[in-house]
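Join the two chains into one complex using the hints; note that each chain is given alone, in its own frame.
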Amino acid sequence: MRRLLLSVAIAAIFVGGAVAGRPGAAAGDVSATGAATGVFPAGAQLSGVTLSGSTMGMGVEIHADGTALGQFETELVGTDILGAARTISVEGDVAAGSLNSDGSVTFSGTSTVDLGNGQVQTGVPFTVTATTAGLQLIVGATTLPSQTLGAGTITIQ
Amino acid sequence: MTTDVGPTRPGLRVLRSFALAASVVLTSASVALAAPARGEPQSTGLTPDLTQSVAAVAPAALPLISRNVPAFTNNDCGVANAAQLANDSSYDSQWRSCDVPLTILTAVYLAYDLSSVAPANRSHVLVAWYNDPATLPYDHSYVPVHPCCVGTALDIPSDYTIEGNAAPGGGAYPTTGWVVITSVSGNHFHSRQHLIDFTGYNWLRINVTGSDGSPGASDARMNLDVHNASAGAQDDWIFFGDSITEIGLEHNSMSGAGGSGTWAQLINAANPSFFPAFEDGGIGGAVSQDGVNNINTWLALFAGHYVGLAYGTNDAGFQVTPTDFYNNYVTMVQAVISTGKIPVVPTIPWGCTTTIQQNAPALNQKIADLYAAYPQIIHGPDLWAYFQANQALISSDCVHPTQQGFVALRQQWANAMLANVYNSGTTTPPPTTNSVVTGAGAFTGASGKANFGFKIRQTGTVVSGHFNYSNKTDGVTFDCPVTTLSISGNSATFGSSGGRCTYQVTVQDIAKPGTGKDTFNLTSPVESNGGTLTKGDIAVRTGV
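Same order as they appear, the protein sequences are chains A and B.
Letter by letter, the first sequence follows residues 1 to 157 of this note's numbering.
Letter by letter, the second sequence follows residues 1 to 544 of this note's numbering.
Some hints could be false.
[Stated by the list, open to error] EDC-like, lysine to aspartate or glutamate: derived pairs with alpha carbons at most 20 Å apart:
id, chain 1, residue 1, chain 2, residue 2
1, B, K512, A, D93
2, B, K449, B, D474
3, B, K512, A, D114
[What the hints assert, rightly or not] Covered by chain B, per the in silico footprint, the following chain A stretches (three or more residues, Cβ under 8 Å):
id, stretch
4, 35-42
5, 58-64
6, 71-77
7, 89-102
8, 145-153
No lab work stands behind these hints, which were simulated from the structure alone.
Just so it is clear, CB atoms sit at the ideal spot from N, CA and C, and this is done for glycine as well.
The shape of chain B in the complex, shown without the other chains (with noise of 0.2 Å):
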């Protein structure tokens, strides 16, 4: 990262840590005088539950192989902001271009040299970038359900190219033989995710020309790093939350409070199998019913595995009911596991405003409700009782931890999904049985009505299949191979990646037949769209 955050940040940090609080405290005008002194043990009506009630399986590792490789750009504002800072081991540092408009003609890039890893461990990459903590919200420029907080977007990369180049790498930079393998317009998220077909190229870079910036922090910055993704991108995670997930879980070290790396270092640390891929989906002020507004929109651009659903603060702040609250999650729970991903859910943090201790309590049953019916929901830690035994982590606006308990979150959220996830057994074994998926049908979504029909069927590892799929609303249709499958449980997600048949589908197979419970998501450059059949079936065959 650049040291230069610019003036206006620290005050921006305040005012992200703690509108939230204010939004919440003002509701209960002097509740916090009314809330139970710290240290006075409170129930939760959960039981902690670090535990796993369903056996998870680790995801195959998602291994890190952009750390250090040499970096390149033509941009870096006389060397005081270098390529080398993107992709070094601190991500408290980023690589940033000058304060010029972003255009076609002024563009910047960052690009790696990638000649050095094994061919085979880079045919198919996962491209993560992090502007974040640049920019503090997931998305700067949503208006929460109860606006609370000022979103500044500073240097997000809005309009770029993912490209690969075949050049030979160990020498210079290549300045011809690009190849543009994706591409996005108009972003405003802080970080994205790109999981791409890079078989045959040595150089990967990204290049940028347009800025979601605000005035003097209208270039590109990031952190950028590649995954090895030949075995799948399930090692991959976002974490959607409110302003105590946007914080806690920065791309940045929070040394300063004690820290000692990212949530993924975190995990690398305790178990060097594994460096995931992750995204702080965090936004301040988000209640619930804010997640239920976004999760389609949001996982149609995330391409990995594990979700973290992590509301709840302001909900008990906004007096949400109790089964408002459970709706809410439900809607989202169902809408994670119908893309084939899996929920992540922790409790809510213990607070000392008097709505937090009047309402969380019954809104953390729920979410105890919420486990019982939905098994397939890895349990997130026990925030609850974490910060009750540690109630001095808690900082004085009541709701927000202290830096160092946000140190502490980091690490809670560390240790739970070591306990529940990495350190839960065998890693995902390679496919070894064999597996036929088949669909057709019709359904109606948010870009019209479409049919589709496919075939996928693997053996051991090598999976083989066609994919069409026609809207006739839009005209947009597919006719491509299927290069990729994974299958969890009645769910099957396949896709291939490359040109105009860089796609990703989602189905799951829930009744025979299938009108009316089969779902059906797309998810690609050209046309995200999905829903439930209104004809045909889905048959997710296994063991075949």
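Isolated chain A, as found in the complex (with noise of 0.2 Å):
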């Protein structure tokens, strides 16, 4: 159990709405800042916990050369098997990163994951796509269901 949960790949594919790119953004450094909330759609799961919703924020600067850095957090909302609440923490140092072709942007680096059940890891992989109506997060190897916004804003500059 210990060593499945180790080895867990968390991953969200947060789908928003196309997000305008900045013109002449792509030629420098690009800003990803937000704090909100997300839904998952039904369904979504990770190591056990079905997900409902999560909070997060962000502050990620992203360099032309494709080298960036900030924070990452988000907590991940859900009831595990016998319908206890259980939040999972992801807690990320960004990178690398770049802007898209659609104006959204997708960050990496790696993260400290609480499962909320007394585990840790550490050193945890992890991208984010990001548009300023949702995000998409990939930790490790696991792909989660794309989650939309909520109260709040992500604002890409």
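Spelled out as structure tokens, the structure:
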């Protein structure tokens, strides 16, 4: 079980609306900042936890050379197989990123994942693709279902 | 100021001045008789040290730009309390409206034509109004831990807006075109300040629609200063303390006792490069626990940088233990530091009651311990040493200075800050290094659980960035640009002014990861919220 949990790869694709690209942004630094709540579609699961939503924050600067810096943090909220509430947190440092042709940004780094059951994994790679209406999160090798924003905002500029 | 201070004012002054003394003296019965004779040297356990142990850097200047600019009002009681009294060089005079019930329909305004000030010097301004010493305590509605004094509100603006107008200056007061920049309701403090983006405006006014006063004094009364804050609001101070601070740092000249101006005017006279903004946060009867109980609320209202913490006389009177006194100060100092501001701490003044003589030296030793533990503290004046050496300046209550003593106390505060802050070297240079501050996380504060994310880059003097905030509890969100940034050590303060995006955030990067360590504090007209991160991290990077 422990081995299984440690190998959990978390991913989520948060599908949002198309993001208008910032003219000229690709040629320079781009920032992605956000503070929001998210909503998972039915059936989203991670490590035996049925996910319903999340809260998250991001503060990232992406450079034209593909490097990036900043932080990403999310708390994924759900219930375990016994129906008990469970929160899984992902706290990541951002090291790389890019502005995509559709105006979204993708950034990645390594994270600490607290599975909410006493088990904490460190050094877990993660990737986020964010738009102003949602985001896509990949942690390790697991892709979570897409998530749209509830309250709050994501700003890409 | 109007010369009409009201018939109750002299008596009120006596009450404020001596109620504290009574409470202290009464706890020790005939203590005054048992007190050592004046002139007998008493050890504080402290080596008088007006030299800052840690090199302080002088703040960027906050020049006063409203002095004698054209001032207008719609209510000055038939010129008796003219608008010009609010911005002349005398703080002994104030603009005051006639005593009418203030409502939206009977609003009174005080307006300044700032068009003669170069636009670059008024793009960002600090607006500070001072009702004191009409109203004596900083917060007349606050009842201290040991209630001692009756705080009476006289003509405090309780509901008002600060507004700008782009109409050309040099002529008549514009009756239209006013834009609300910030608004306040329910105020009960005798002074307030607002750091605002004034870009594009020529005129500034405070429009008062409500008063926190008392019978015969329920209108609006104030001096109002506008400072050029284009280099930030570093040279902005507030002094919290008891009645000794309350009286000693009032906005008046004390000319009747030989004084020559407010504390800021003393600083300006000695070093004309500076004219600090300052508020008097003294409340009669307060002990250090009162500071602890209120420090976060007070700091949320204060846009400036230096925070005086001057308690202890009443702690000595009420025999607060040195450990409790120290812990109270630690709480206050940490609160100040966590918001990116700088604490300033003097010693407890010498006095001749038995309780002060017996207890204050041990408390002053704790202040020495505090200096050692927190090198960020700017040393205030050594008021024990000063009044011990000048005992004739302590009044017959053995607690408060005489009127001349208060003049001397104010000068001691000026001397110490001139030595330890203003003349400490060069002024803060404009930022020349590049900095990046980023953060993302969550915390639970007084206003609920919130998430945030921000990125700010400073290249030379240019600051750009963005800030997002979402409070899950009350639904408040921010999606705002960042236009100002100041970094002090591992702390950063950023924000912007204007409309919905008027806010200031102070973060502290204590550890990595920041969970349980780093701090986040938001202040704004919409919401003030902050705390230690429950998730996430903050990174303050300089020289990048």
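Distance restraint between K512(B) and D93(A), which requires alpha-carbon spacing of 20 Å or less: Answer holds: K512(B) to D93(A) is near 10 Å, not above 20 Å.
Stated coverage of the stretch 71-77 of chain A by chain B [criterion: 3+ residues, CB within 8 Å]: With 4 residues close enough to chain B, the hint holds.
Within 8 Å of chain B (C-beta), three or more residues of the stretch 58-64 of chain A: Check passed, 4 qualifying residues.
Coverage of the stretch 145-153 of chain A by chain B, judged on three or more residues with CB within 8 Å: holds (count 3)
Verdict on chain B covering the stretch 35-42 of chain A, criterion of 3 CB contacts below 8 Å: Answer holds; 3 residues pass the 8 Å Cβ test.
Assertion that chain B covers the stretch 89-102 of chain A - criterion: three or more residues, beta-carbon distance below 8 Å: The restraint on the stretch 89-102 of chain A holds, since 3 of its residues have a Cβ under 8 Å from chain B and three suffice.
20 Å limit on alpha-carbon distance, applied to hinted pair K512(B) and D114(A): holds, 16 Å
Hint consistency between K449(B) and D474(B) [alpha-carbon to alpha-carbon, up to 20 Å]: The given pair, whose Cα atoms are some 9 Å apart, holds under the 20 Å limit.
Of the numbered hints stated above, none is contradicted by the structure.
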